[in-house]
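Chemist: So the protein sequences, as listed, match chains U, P, S and X. For the first sequence, our numbering gives the first residue as 1, with consecutive numbering after it. For the second sequence, our numbering gives the first residue as 1, with consecutive numbering after it. For the third sequence, our numbering gives the first residue as 1, with consecutive numbering after it. For the fourth sequence, our numbering gives the first residue as 1, with consecutive numbering after it.
Since the hints were made in silico from the structure, they are not lab data. Remember, it's a predicted structure, so these values are computed and weren't measured experimentally.
Output of the computed footprint for chain S on chain U, the stretches with three or more beta carbons under 8 Å from beta carbons of chain S:
#, segment
1, 71-85
2, 91-101
3, 107-116
C-beta atoms are modelled at their ideal positions from N, C-alpha and C, and glycine is treated no differently.
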Amino acid sequence: MARLQLQHVTRRFDNGQEGLSDVSLSIESGSMVFLTGHSGAGKSTLLKMLIGAETPTTGRVLVDGSDVSQLGPKQMPWYRRQVGIVLQDHNLLENRTVYDNVALPLRITHLSAKDIARRVRGALSTVDLSDKGGLFPKHLSTGEQQRVGIARAVVNRPRIILADEPTGNLDPYLSRQVMSLFHQFCDLGSTVLVASHDIDLIKDQGCRILHLSQGALVQDTAASSEVAT
Amino acid sequence: MARLQLQHVTRRFDNGQEGLSDVSLSIESGSMVFLTGHSGAGKSTLLKMLIGAETPTTGRVLVDGSDVSQLGPKQMPWYRRQVGIVLQDHNLLENRTVYDNVALPLRITHLSAKDIARRVRGALSTVDLSDKGGLFPKHLSTGEQQRVGIARAVVNRPRIILADEPTGNLDPYLSRQVMSLFHQFCDLGSTVLVASHDIDLIKDQGCRILHLSQGALVQDTAASSEVAT
Amino acid sequence: MAGDTKAEDGRDGESPLAVERPKGGRLQAWFADHGRAASDASLFVSQRLISSFLVWLMVGVALTLPGLLWIAQSNVQAINQQWQGSAGLTVYMKLAASQQLIDDMEIRLNRETGVERVIRTTPDQALQELLEQSDESAFLRDAMAAVGSNPLPASFAVVLNDSSSYLQLDALSRKLSAQTGVDDVVIEMTWLERLRDLSELFNRLGSGLSIMLLIAAVLVAFASVRLAIESRLGELRVLALIGATPAQMRRPFLYFGSAYGIGGGVMAIMLIAVFLNQIEAPLQSLLVSYRAGIEIAGFTPGFLLAILLVGWFLGVAGAMLALFQRGGTDKPPS
Amino acid sequence: MAGDTKAEDGRDGESPLAVERPKGGRLQAWFADHGRAASDASLFVSQRLISSFLVWLMVGVALTLPGLLWIAQSNVQAINQQWQGSAGLTVYMKLAASQQLIDDMEIRLNRETGVERVIRTTPDQALQELLEQSDESAFLRDAMAAVGSNPLPASFAVVLNDSSSYLQLDALSRKLSAQTGVDDVVIEMTWLERLRDLSELFNRLGSGLSIMLLIAAVLVAFASVRLAIESRLGELRVLALIGATPAQMRRPFLYFGSAYGIGGGVMAIMLIAVFLNQIEAPLQSLLVSYRAGIEIAGFTPGFLLAILLVGWFLGVAGAMLALFQRGGTDKPPS
Ligand SMILES: Nc1ncnc2c1ncn2[C@@H]1O[C@H](COP(=O)(O)OP(=O)(O)OP(=O)(O)O)[C@@H](O)[C@H]1O
Ligand SMILES: Nc1ncnc2c1ncn2[C@@H]1O[C@H](COP(=O)(O)OP(=O)(O)OP(=O)(O)O)[C@@H](O)[C@H]1O
Ligand SMILES: [Mg+2]
Ligand SMILES: [Mg+2]
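If we strip away everything but chain U, and leave its shape as in the complex, we get (with noise of 0.2 Å):
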């Protein structure tokens, strides 16, 4: 329901520094993709791009064939109420709850307050934290507050879910539930994109992967064959 396209992307940064070059690709709408490469390969570039908080310096980044770098001020929050997006840092907010962090998607769409209760609830659940809730991000473990960041990605049932390296701090059994997950959502429709270096993981999924380099595209791997190492 969301085709992803990138179209010759570069991203030259100020110093120089090509984090993309020339990247293309598309991801067919409904499937779950993931993309690997050494530190630095240019994956969380790629990702935020998606998001709009990357701008391409050449090339286009087209959602169901329209320019991400083209919405305007306007458009641009409607786009992203429909991703969830885990980062690399957890980003929560650190004055409000656990709870009150996973309902900020909900509460921005102005969903009745019983609705945002049961969601945040069935989300919390899902990451395994139901019992901390009412704690500040401060007060978990860093393993805890990236699931609380998966589950305020996926609180909004999103179109596309992009997810930077999502089981980094999470031991393999909590990796192996975060992306059955993202499995269920895929199932149900939406296009997931995950970034992590974890090949061994990775490969167990058996799903398309892409392998960057230095900015490069390197290595396209189709679903369900093993990649080379």
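Please arrange chains P, S and X with the ligands on chain U, whose structure you already have, making use of the hints.
Modeler: Same frame as chain U, but now just chains P, S and X with the ligands:
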């Protein structure tokens, strides 16, 4: 050269949650030990105890026989200069370059500028960041930031290395490099304690592994044997 | 994990891709959003009562000074007017002027525009005053009696009303001098001269002080509001990422600014009231000795409202400035 | 990885556990540390010139107002003294007093302590003045001539010097009244009364304003310094973790505070100078009309130094406060 001991250490937080419950352990001087456990098991809490950033509710934390929580404001800085710590969030100073961040622990010890430059360059090349010394942390990828933190922890050639998920944002290749760096320090006499959830990586190292679960030490696997999953 | 089933629960059959529509109308949603921002702001302020109080105090003190200056200047103006009111001329008639001429002059003077009051002094009254001024009145009286006639002329003290300017006074003086029977017209100048100097002093002092105090008030209000909301500015990045509109992101800051600004205004009003109360007594006594009994003017409901409005404006402007300094609301987070 | 060999290089044979000792003495290390903190602070300030300028302006304006108040009060004191100087008495001799008695009195008055000047007015001069006051002097002169004797007494205007108080004046007045040949002693009270009122006004105004301005100055200085260094406070946690001593952590903040405080002081001096320059002319003219030509006092090197010191103190105190508000330097980071 630095023996780490916990004697019946319990840490109860303000909300009644127990981060650690009655943990007793002893880590020999010059050994390398891994700490694992699910998310929220208390790994970070334990490491913070050893650096004096958390104080036990009951019990004692001893380093070379002296109680860390009893160190006065004069002694604590001197103790901490012997310890290299990698935290889970990168903890870099945002308005200093990578170079200056790594140089920090040397600057406060009044080394000559020449010595500082030599050591910082050595530490940065150890984590593959020789060409990023002039950048600011916000211009690095998360994995690169994590490696800067590792460089800063070892630049001072500490007697004790405490690392909390040092490879959470690193790919398997870099993770192994970091582990081998820690091994080098261990071989030179440093005591190394690494918290990690990456069971596969840990198993390969052939070191003693401490398992935490809900704040309690549930398993203590001796060096060079397999861990039960 | 425990949540797997619950996650399904939570979804209750809808497609996860169903676009969310606000329940109720747009207006209702808008009100709900404002309500949330307002309660968020009051929670934020009340949770930090001490530092909020400091912000109020700072904004209050900053507003107090221009407020007092304004009151001072409006009072100086009032005093100006009173002094101008007591400015006037004395018309000395010729000794030879007939009683008829003197009576005509009194009528004439009373008809003159700008004249507030005319006080006639007969030669007898003048002599009486002269004798009272001298310590040897008995001798003088004897002397007058010996001469057999009063050497002093009739005169009129002419008090002009508040609105008459120095120029009017001067013109009147020249006109009267030309009248038959008028010996001399003397303008009471002393107060006018002092007044001119004092006014000029106040004006210079005023414009210098005004500029400084206004700068100070604006800077202090901005800085303190900014400081108070600094910790909240980090939220903007997250809010932008999850799709909050610029208006939604601005809203809490507008409420913070309002809370701090209006609170500062209330504080300023309290400070000004206390201050005026303190200086009223000595000021009264001073002004009375200048023959100008006066109430402190300017502490009116309109003034209070203005202080509140200025405080509110500064608070909101400070919050907005902090917001836009932080890169605006629709800048992509990095 | 590339660094493996270099890491070995970097270690150049020493054990990694060798405890680091400062090269050179403790003092040298201390100086090096201060030098680093100072250059760090100047870099920090110069990289943010606009916001640093704003901080200076805020601290400067905050300091200007109490500074001006101080100058105003020290000038009011000077004016007080001048006015007391022009205060005095008039001694009216009896008409019957012999010329000898009058001459003696003049000598006596000149000898009296606290007397600045004695102006003798003979009966003839007094008559002359009286005649000048009147518009019908010819008549009056004829009258006097007819009486054949001058009804006015000799008198002395006694001007006291600056340091004499009202009490002295009163005592002198009573002493002189008791002298033979003295008819009456009149104290020139008007200025004294006004002065008392004005002083009281200034005192009340002064203490109210002083308190407010001081609070404002302290709050503004603290808040602006705090705001300026806010972003640096996050470093404390990291610095504590890597073993910086409390002194090392405090040091940059002391330099920030100094830079902002002294800069604010310089700004205040400039503002005060401009302000005084602006009001000097109208003030002079006002004071001259009060018969008290006067220089603006108080803008001395000592005053300037005091402003700088107060600015410096406030800046450093603000920085320290911000530091300790943030949990102190040796609180364990969490
Ligand atoms: N300040 C605090 N107040 C309350 N609870 C806390 C606080 N700090 C930590 N906790 C709780 O203590 C438990 C242990 O936290 P800790 O950070 O040690 O976990 P961890 O093993 O490091 O987990 P992770 O792998 O996710 O980093 C967690 O459940 C956490 O919620
Ligand atoms: N603002 C910036 N200015 C300069 N260089 C940047 C900037 N942002 C990112 N880079 C560089 O671009 C490269 C790609 O960064 P990116 O964050 O996309 O990597 P990544 O694949 O997410 O790495 P990781 O696995 O470590 O998170 C890195 O080398 C980084 O140093
Ligand atoms: Mg990344
Ligand atoms: Mg942890």
